[in-house]
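For chain A, the structure is supplied; the task is to place chain B with the ligand on it using the hints.
So the protein sequences, as listed, match chains A and B. Under the numbering used here, the first residue of the first sequence carries the number 1, and numbering increases by one thereafter. Under the numbering used here, the first residue of the second sequence carries the number 1, and numbering increases by one thereafter.
One or more of the hints may lead you astray.
[As the list claims (entries may be wrong)] Calculated lysine-lysine pairs in the DSBU-like style (CA-CA distance at most 35 Å, straight line):
hint, chain 1, residue 1, chain 2, residue 2
1, A, Lys76, A, Lys169
2, B, Lys64, A, Lys71
3, A, Lys26, A, Lys259
4, B, Lys198, B, Lys63
5, B, Lys233, A, Lys246
6, B, Lys250, A, Lys230
7, B, Lys232, A, Lys259
8, B, Lys191, A, Lys291
9, B, Lys191, B, Lys28
10, B, Lys250, A, Lys272
11, B, Lys19, A, Lys57
12, B, Lys198, A, Lys140
13, B, Lys89, B, Lys224
14, A, Lys230, A, Lys359
15, A, Lys333, B, Lys191
16, A, Lys246, A, Lys140
17, A, Lys26, B, Lys198
18, A, Lys76, A, Lys230
19, A, Lys43, B, Lys19
20, A, Lys409, A, Lys362
21, A, Lys272, B, Lys198
22, A, Lys425, A, Lys405
23, B, Lys198, A, Lys259
Because the hints were derived from the structure by calculation, they are not lab data.
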Amino acid sequence: MSDDRFDAIIVGGGIAGTVTAYLLAKEGLEVMLVERGNYAGSKNVTGGRIYSHSLEKIMPGFAQEAPVERKITREKISLMTEESNVTVEFSSTRLGEQGSDSYSVLRGVFDQWLASKAEDAGVQMVTGIRVDDLIVREGKVCGVIAGEDELEANVTILADGVNSLLAQKLGYRGELAPHQVAVGVKEIIELSAEVIDNRFNCREGEGTSWLFAGIPSAGKVGGGFLYTNKTSISLGVVSTLSELIKANKTLPQMLEDFKSHPSIEPLLKGGKMMEYSGHLVPEGGFHMVPKIIGDGVLVVGDAAGFCINLGYAVRGMDFAVGSAECAAKAVLKANKAQDFSAGFLQCYQSFLDESFVMKDLKHYRNFPHFLEETPRIFNGYPGMAADIMTDLFVVTGNPPQPMMKMMMKHVKNMGMLNIAKDGWKGVRSL
Amino acid sequence: MNIITCFKVVPEEQDITVKPNRDISFEKAPMTISAYDLNCIEAGTQLAEANGGNVIGISVGAKKIDDSKLKKNVLSRGPESIFMVADDKLENIDTYQTANALKAVAEKIKDYDLILCGEGSADLYAQQVGPQLGQLLSLPAINSVSKITLADGKAIVERTLENELETLEISLPAVISVTSDINLPRIPSMKQILAAGKKSATIWSAEDAGIGNLSATLGVIETKAPEQMDRKKDIVQGDSEEAIKSFITKIQEVLK
Ligand SMILES: Cc1cc2nc3c(=O)[nH]c(=O)nc-3n(C[C@H](O)[C@H](O)[C@H](O)COP(=O)(O)OP(=O)(O)OC[C@H]3O[C@@H](n4cnc5c(N)ncnc54)[C@H](O)[C@@H]3O)c2cc1C
Numbered sequence: 001m002s003d004d005r006f007d008a009i010i011v012g013g014g015i016a017g018t019v020t021a022y023l024l025a026k027e028g029l030e031v032m033l034v035e036r037g038n039y040a041g042s043k044n045v046t047g048g049r050i051y052s053h054s055l056e057k058i059m060p061g062f063a064q065e066a067p068v069e070r071k072i073t074r075e076k077i078s079l080m081t082e083e084s085n086v087t088v089e090f091s092s093t094r095l096g097e098q099g100s101d102s103y104s105v106l107r108g109v110f111d112q113w114l115a116s117k118a119e120d121a122g123v124q125m126v127t128g129i130r131v132d133d134l135i136v137r138e139g140k141v142c143g144v145i146a147g148e149d150e151l152e153a154n155v156t157i158l159a160d161g162v163n164s165l166l167a168q169k170l171g172y173r174g175e176l177a178p179h180q181v182a183v184g185v186k187e188i189i190e191l192s193a194e195v196i197d198n199r200f201n202c203r204e205g206e207g208t209s210w211l212f213a214g215i216p217s218a219g220k221v222g223g224g225f226l227y228t229n230k231t232s233i234s235l236g237v238v239s240t241l242s243e244l245i246k247a248n249k250t251l252p253q254m255l256e257d258f259k260s261h262p263s264i265e266p267l268l269k270g271g272k273m274m275e276y277s278g279h280l281v282p283e284g285g286f287h288m289v290p291k292i293i294g295d296g297v298l299v300v301g302d303a304a305g306f307c308i309n310l311g312y313a314v315r316g317m318d319f320a321v322g323s324a325e326c327a328a329k330a331v332l333k334a335n336k337a338q339d340f341s342a343g344f345l346q347c348y349q350s351f352l353d354e355s356f357v358m359k360d361l362k363h364y365r366n367f368p369h370f371l372e373e374t375p376r377i378f379n380g381y382p383g384m385a386a387d388i389m390t391d392l393f394v395v396t397g398n399p400p401q402p403m404m405k406m407m408m409k410h411v412k413n414m415g416m417l418n419i420a421k422d423g424w425k426g427v428r429s430l
Numbered sequence: 001m002n003i004i005t006c007f008k009v010v011p012e013e014q015d016i017t018v019k020p021n022r023d024i025s026f027e028k029a030p031m032t033i034s035a036y037d038l039n040c041i042e043a044g045t046q047l048a049e050a051n052g053g054n055v056i057g058i059s060v061g062a063k064k065i066d067d068s069k070l071k072k073n074v075l076s077r078g079p080e081s082i083f084m085v086a087d088d089k090l091e092n093i094d095t096y097q098t099a100n101a102l103k104a105v106a107e108k109i110k111d112y113d114l115i116l117c118g119e120g121s122a123d124l125y126a127q128q129v130g131p132q133l134g135q136l137l138s139l140p141a142i143n144s145v146s147k148i149t150l151a152d153g154k155a156i157v158e159r160t161l162e163n164e165l166e167t168l169e170i171s172l173p174a175v176i177s178v179t180s181d182i183n184l185p186r187i188p189s190m191k192q193i194l195a196a197g198k199k200s201a202t203i204w205s206a207e208d209a210g211i212g213n214l215s216a217t218l219g220v221i222e223t224k225a226p227e228q229m230d231r232k233k234d235i236v237q238g239d240s241e242e243a244i245k246s247f248i249t250k251i252q253e254v255l256k
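One chain only, chain B, in its complex shape:
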């Protein structure tokens, strides 16, 4: 059983800063694994632990995603190996191109039974890549999955819908996108981190992966943070009756 888990590399959210002109700065933000893909990797690892098998982590993106700390992080969470297309041609690609690039990687790996994706990415959360990847590979694709059980040649999955729990059976290989409810990603242990240092990572250029003619269709004109409201800087001090009253009056006035 070979399980491919897809992960996106995104800038660390808490280190993204907004400049005075409302530009977004990624300068101080290191690359990290998109939060929902931690669930995806965990789901793959748990399935391999329960059913036997091998987990492979794959990712596509600009050159900077080939980061040693990040790869070690992924490998400490269960995958035995990583395959990446890291090429600046892949900067700013859209979801369809991402799905195409992932397809190229999956086809190079060839031997797989299941592909897992996160429901959406931590930065854009378009929720497109999983379904598109399934379509491109002509495989059954299903999203919003909160539980997976494997039985010979098929997967039984649960989807939590608004008012009901849907249980479906799909044949393998398939592409499944999982929600963050599916599990609690593990905190890697000392030995797992140590072992990660010895696992293999294969990095391809776009040419290597046979997608050399892929070029970004998206151009970013501008990304701005929303306008901040000016603070009133009206501070009520103390905890006396009057102070509390004045505090409440002020809030009521604003809400009017």
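Looking at chain A on its own, in the form it has when it is part of the complex:
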């Protein structure tokens, strides 16, 4: 193989890119990965939790070796209003069982670890370089262009994230529309492991995932999240872009208010802010998947729109891994046949269809729409839950009402029919 020619060039050193590169190099292909950040993960933001099932298949037992933060064994969901917070909590050893376990992660370290795995497998890592364009000849993608340099490959894999300019340049997708993306802002706040164990009632090495609907995103589609890491807390707010325009607050202000909410503030006390970041989240789900296969090119991860935004929780990292695995399988097959045409690479689509990636995206396909059509989830139900709890627990000396009657008062305010309708629509979209 000449110096300037590879079997595969991968653009983007996030989870999707590093895993694709790793899988190809492991099978002996000549692979180069180009990442614009100074190291893999340097530009990447995630809320914080990776479901292990997909990576476990590729690197069995990875969680023992990888720099994961805490194993999530406690799930909390809250409906939050300005002054109240109603929380449902679930803790179970089943959450931590192999195969269904999940971990909080910090991408700065996690992606670097994945990149080192890829490098050990033989991937040529080129960091600090942005790919500006693709070499395209007669509709076939033949490699990448960065500055003055051009390098060629049989196949180029775009793993360049949610705002894939390269896929746009190929005409595979248009510019992102406001209803297709959400924006997230996040802080990492340092606290000692002991303080975190105590405040979140966690055993050593175990942690909490906590999602919030309601006031964190100013009553619009979105929500707040909090994940415990080893010695820090990741917390942030996600809001759909189209909703953000209508909100009366900016996103950074939402995060500030979330942090100073009476239920959150004591949890952060004494903590030191280590990192502040903002990032886009693809959120159109199944309906947003653009063209992902062409002559000599495949698109994976966020760049392909493989992400589900459930309003308060985002799931994209396991899809990044899953799509990387499908792409690697397709490229290995194409390499054997030495046929990198779009026609042959269609097997990528078949692998995706058979995998959890497409199955899950399809399953949740109406969910983003449901959220947008059902503002009550964000601006109605949190208030209702808080009102019911207030009546239950706030003792004023006034004569109490029978519980059923009291509850029904609040339910009626919301409209019985509305609740039934939302419930029905919600269940159907799942």
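This is chain B with the ligand only, laid out in the frame that chain A set:
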């Protein structure tokens, strides 16, 4: 023409943290090339590009300086090869010992016409190593150089002094320390980074380099960050006339 460029490996400045007890923590700081030595490597590379020749990067320090990312970084900036003494015996050595260790490396390389150093290091900025290295090698040594031109067997250098520009001619081989004004270090290109992966790096222990009896003369008792002033946490809100006035009054009071 063989040009040796010396570089120091230091902890990444922006990742050094101060602990509540004012201890300095390097825990999260990866190893990086001392910023001024980027100018040094660039100067060597530009001279080789203009005059033909070969650039060699050399460094001495503790075992941790032998870092694959860091070596690739150096090699993507022009040098064809790296020679290092990476040995924990060299932790906490002073500038004279550093110059001695660099001398050992240079003597092992033997064939060189010019040695370049950065003016000082990003961590301690003692500005000693270049001049001391020249003295140890019995070569002309000159510092604060902001421009180098080569002409047969000699270098014409410019030094920017307080009120004038001094131009000197020195015979080669020589040791020259360059300031950060000399150039703007390049951002390596994709192909340069790729090529760096294929270049060679030779790592020696202190024994290998013939400086096995060198031991640190410096012991660090304590390094503390300066005491931080307590913030007054006095926040003036709004942009009304009064708010601005109160803001100014407060500042004036403190300045009194
Ligand atoms: C606030 C927030 C919370 C989230 N929470 C979760 C969660 O809890 N769980 C979960 O599973 N998912 C979560 N997600 C989604 C998840 O982070 C993404 O789906 C995942 O990061 C996608 O990985 P990727 O490799 O496809 O893309 P990215 O991680 O975005 O990686 C793309 C890479 O490409 C590089 N790049 C881009 N353009 C170029 C170019 N031209 N040249 C070279 N390099 C380039 C970038 O620097 C980057 O490193 C969250 C996302 C956000 C923003």
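- Quick one, are lysine 76 (chain A) and lysine 230 (chain A) close enough, alpha carbons at most 35 Å? The hint holds at about 18 Å.
- Please work out if lysine 191 (chain B) and lysine 28 (chain B) have their alpha carbons no farther apart than 35 Å. Judged against 35 Å, a Cα distance of about 30 Å means the pair holds.
- Message: For lysine 250 (chain B) and lysine 272 (chain A), compute the direct alpha-carbon distance and say whether it is at most 35 Å.
- Response: Given that 35 Å is the threshold and the Cα spacing comes to 27 Å, the pair holds.
- Is the hinted pair lysine 246 (chain A) and lysine 140 (chain A) satisfied, with a Cα-Cα distance of at most 35 Å? The hint is violated at about 42 Å.
- Query: If you draw a straight line from the CA of lysine 76 (chain A) to the CA of lysine 169 (chain A), is it 35 Å or shorter?
  - Reply: Violated, at about 42 Å.
- Message: Checking one constraint from the list: CA of lysine 409 (chain A) to CA of lysine 362 (chain A), max 35 Å. Satisfied?
- Response: violated, 38 Å
- Task: With a cut-off of 35 Å on the C-alpha distance, tell me whether lysine 233 (chain B) and lysine 246 (chain A) pass.
- Result: holds, 34 Å
- Sort out whether lysine 71 (chain A) lies within 35 Å of lysine 64 (chain B), counting only the CA atoms. Holds, at about 31 Å.
- Measure nothing beyond the straight line between the CA atoms of lysine 232 (chain B) and lysine 259 (chain A); if it is 35 Å or shorter, mark the hint as holding. holds, 22 Å
- Query: Does lysine 57 (chain A) lie within 35 Å of lysine 19 (chain B) when you go C-alpha to C-alpha?
  - Reply: violated, 40 Å
- Do the alpha carbons of lysine 333 (chain A) and lysine 191 (chain B) lie within 35 Å of each other, as the hint requires? holds, 28 Å
- Query: For the pair supplied as a hint, lysine 272 (chain A) and lysine 198 (chain B), is the alpha-carbon distance within the 35 Å limit?
  - Reply: Since the Cα atoms of lysine 272 (chain A) and lysine 198 (chain B) sit roughly 42 Å apart, the hinted pair is violated (cutoff 35 Å).
Hint compliance for this structure: hints 1, 3, 6, 11, 16, 20, 21 and 23 are not met, and every other hint is.
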